[in-house]
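Following the hints, put chains B and C in place on chain A, whose structure we already have.
Residue numbers (full-length UniProt numbering), protein chains in the order written: chain A, 1 to 116; chain B, 1 to 412; chain C, 1 to 311.
Derived from the structure by calculation, the hints contain no laboratory data. Relax, there's no trap hidden among the hints.
Listed below are several chain C residues computed to face chain B (Cβ distance under 8 Å; list not exhaustive):
| no. | residue |
| --- | --- |
| 1 | A37 |
| 2 | R38 |
| 3 | R54 |
| 4 | L56 |
| 5 | V57 |
| 6 | S58 |
| 7 | R61 |
| 8 | A65 |
| 9 | S200 |
| 10 | A208 |
| 11 | G209 |
| 12 | R220 |
| 13 | L275 |
| 14 | P276 |
| 15 | V277 |
Sample of chain C residues lacking proximity to chain B, with all beta carbon distances greater than 10 Å (derived):
| no. | residue |
| --- | --- |
| 16 | V11 |
| 17 | L22 |
| 18 | M42 |
| 19 | T73 |
| 20 | G92 |
| 21 | N107 |
| 22 | W114 |
| 23 | V173 |
| 24 | V184 |
| 25 | W256 |
| 26 | L294 |
| 27 | V296 |
| 28 | L297 |
| 29 | V301 |
| 30 | V305 |
Ranges between beta-carbon positions, derived for each pair:
| no. | chain 1 | residue 1 | chain 2 | residue 2 | range |
| --- | --- | --- | --- | --- | --- |
| 31 | A | G17 | C | A37 | 29 to 39 Å |
| 32 | B | T370 | C | I40 | 38 to 48 Å |
| 33 | B | A273 | A | M72 | 53 to 63 Å |
| 34 | C | A115 | A | I8 | 17 to 27 Å |
| 35 | C | L49 | B | A157 | 44 to 54 Å |
| 36 | C | L251 | B | A281 | 36 to 46 Å |
| 37 | C | L267 | B | Q288 | 14 to 24 Å |
Glycine included, each C-beta is placed from N, C-alpha and C at the ideal position.
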Amino acid sequence: MSGLIATISLLGLALAGVGVLYGAAWWLRTTGVPIAARPFGAGLEPAEHAVSRFHVRWYPVTMLFLAFDMEMVFMYPWVRVISAVGPGAVIEMFTFLAVLLAGVVYAWREGALRWT
Amino acid sequence: MDLTAVLLKAVAARPRVLVTTLPGATPVRLAAERHLRSRDLPRAVTPADADVLLVAGTHDPGLEAALERLWQDMPAPRFRAHAASAGDVAAAIETACSHLADPSEQRAHERGGRSLPGEDQGGHDAPDHASPEGRAGDHSGQGGGGMAMPAGLPMAAQGPDRDGLMLDQLHVALGPLLADWPEGLILRLTLQGDVIQRAELSLPAPRRPPSAVPFWTEPWARAAAGEQVHAAEAARRRAAGHLDSMGRFLAVAGWQAAATTARRLRDELLGGAGAASVRPAAERFARQVGRSRTLSWLTRGLGRLSSADAVAAGIRGPAARADGDVPARYRLWLTAALEDLDRLEDRRLLDPAREEPPRGRLGGPPSPSTGLAGALPRLLEGAELGAARLIVASLDPDPDEWVAQPVESAHG
Amino acid sequence: MVDAAPWWAVVTAPVLLAAFALCAIGYDAVLAAREAARPIRMTTPARPLLEVPRLLVSQPRRLPAPDALLWRTGVITVPVAAVLSTAVIPFGHVVVADLPVGVVWFNAMEVLTWAGLWMAGWGPNAVFSLVGGYRYVAQGLAYELPLMFALMTPAIRAQSLRVGDIAAAQSQVWFAVWMPVAFVVYLAGVLAFSFLGPFSYPVGQDIAGGLLGEASGVDRLLLSAGRWLLLAAGSAMAVPLFLGGGAGPVLPAWTWSAIKTLAVLALLVWVRRRLPVIRADRYVELAWVVLIPLTVLQALVPALVVLGGGR
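Pulled out of the complex, with its shape left as it was, chain A reads as follows (with noise of 0.2 Å):
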């Protein structure tokens, strides 16, 4: 069987498996009516709705992990042939990491990587 139809055999499988549970709590649920909830609040109700444009404090550092992340899609290709390619595969790659490293401790002490 090839990579790509046995995946995709595993990928059909699991979702019969969670379609099975959701079938049997719909045949098994003491109720179909749903309970009219409210999200929790200790006790109180609602202000407002929760969905808003949250305020992600630590958005410099989805950026920097943007930088590093795409960097390791070149590493991942690059294993391969690094004794084919020889000495100056891993010089290349880790003076290159050493930048981004450079850069991460920049960002550190400008402190990027803390925001409480």
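Chains B and C alone, transformed into the frame defined by chain A:
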């Protein structure tokens, strides 16, 4: 064969219990915690996950609406149990389990729970989830700026943040009924993201007629009333009180194993265990928690409260002596609890003027817990939600002191 | 070497994953009973399973204006991602899909939880859930890069992204022995993406259960089961990456895979109960300033070994 009925038996074998303690009901809470732990009945944190709503304590008109809210949010199978005193807990849980296992009751009474007072679901009539039209309407409401109110609620409004940016604000209350929280205390928070911009405090009003003497200060109140109380009893109560605070703090910190240990030690002490049997485990616990680098790394610098500020806020107990941040306070609880374990045989009489209860010397309103609560808004502003919970737990005001009679009148 | 996938492997993989998850839950229940000084009986490990019927009979809840589609998609993503990640994990000599980019596949499935849990946090339209969803993203920003370097380190030594090749490259000595930093960081990453124990920050007690706070019924069952399935998948993956795969004396390869997986699971379950919850606002700094440089240095070691002709 009715399979649902069989499954309901399984629910009754291990229901999740949402314990809501009314202020003044500490003994009931302790009994409930002990009972649930020994029977392996897990505690629910929110009504969505609860099968049993266990109301611990006597009727409290101030919290009736909040209790009703929690009850209305619980999906069936569900049962509302009531334990007025510590002795009622086991029976209340027993009753709850038998009612949970009853399929006809569980099928019937949630239909009554469907109607909500003043409920406008914004035209959502689809049974299982919001209809597509409903959701489309919500989005137009977001852009429309206040005209459309999906499900009868406004969208978040904006306000300036600490950097002067205009950002969405959410208003959320911690309390009155929250797990591992001083019950009855309400902190109305204005949040931007998960950071607290502003915190407003409200405390439960004293009861009329006043409820009994707070459990944790009871030996002192009895001594002040002229009764002969041994110092050993006070030391035992104070050590247990500190361990109770530790249990709540550790539960909020997400260290379940240590929280369980603290509560077990507390219950052993209150059950009258001798120093020799408690001491080794207590020392191990104090070492493990007090020296935990992780816990101190996580709580360092939070909720800094100098002695001078604490005294000015009316705090008299260990929180004032700790003179520092969260780790300083929990370490002081641990040392104080261990010192008290040395005095479990102390036959001298308790002098309430010389020895203080767990949260500081009594005498005169405001009570020590009022002082502790009063310090909160200033400490919480600018804190992240998780840090705020840790700060509250590290001060741990006792709700019983708010609803009880002041100690002077106990003289008469 | 790892064999091509027989058809029954597709069915066996999720069953095995569930079995490992059940073992972990049972062991966790035993530890919990010991902490609470309850007597440990034959039924103790099975008691948490009563959650399943409890959640199946639960009445549906309707919140004001939830984003039901997003919510449900997020909830389903978590256990499904856990099952899909097993596709590349060899058990003994058998694997569902021996992809040439197996490590990348595992990484991708684990990152799916970011989307899933954020959606599960946003969907209910409740403040504590929302905070929980964002907490998971913040936690992800901290654990993900060290975890990726930790995944990369064995791949560098094997010069392959195929999980079977990585297991085979440990015929002399396990990678866990000479890549200890990567191993420990990987294990921490497993706890982090299954948001258990010290990394249960998104579902913290302090925010009333966070993104689990409004979940009831099957939704809650899937999220809770998803955590343990992710833990089991991560533990199973640790075996070919760091513990020599199915290699071992006397016993057949699949027994060694099972024994090693259970050992890793036991360790993680034990650790989970021993630490308080690590808040992301503290962990981000530690991860970026300490863990990333350490794991980069760790990745340099096998790179130099490869250059030195240690093929």
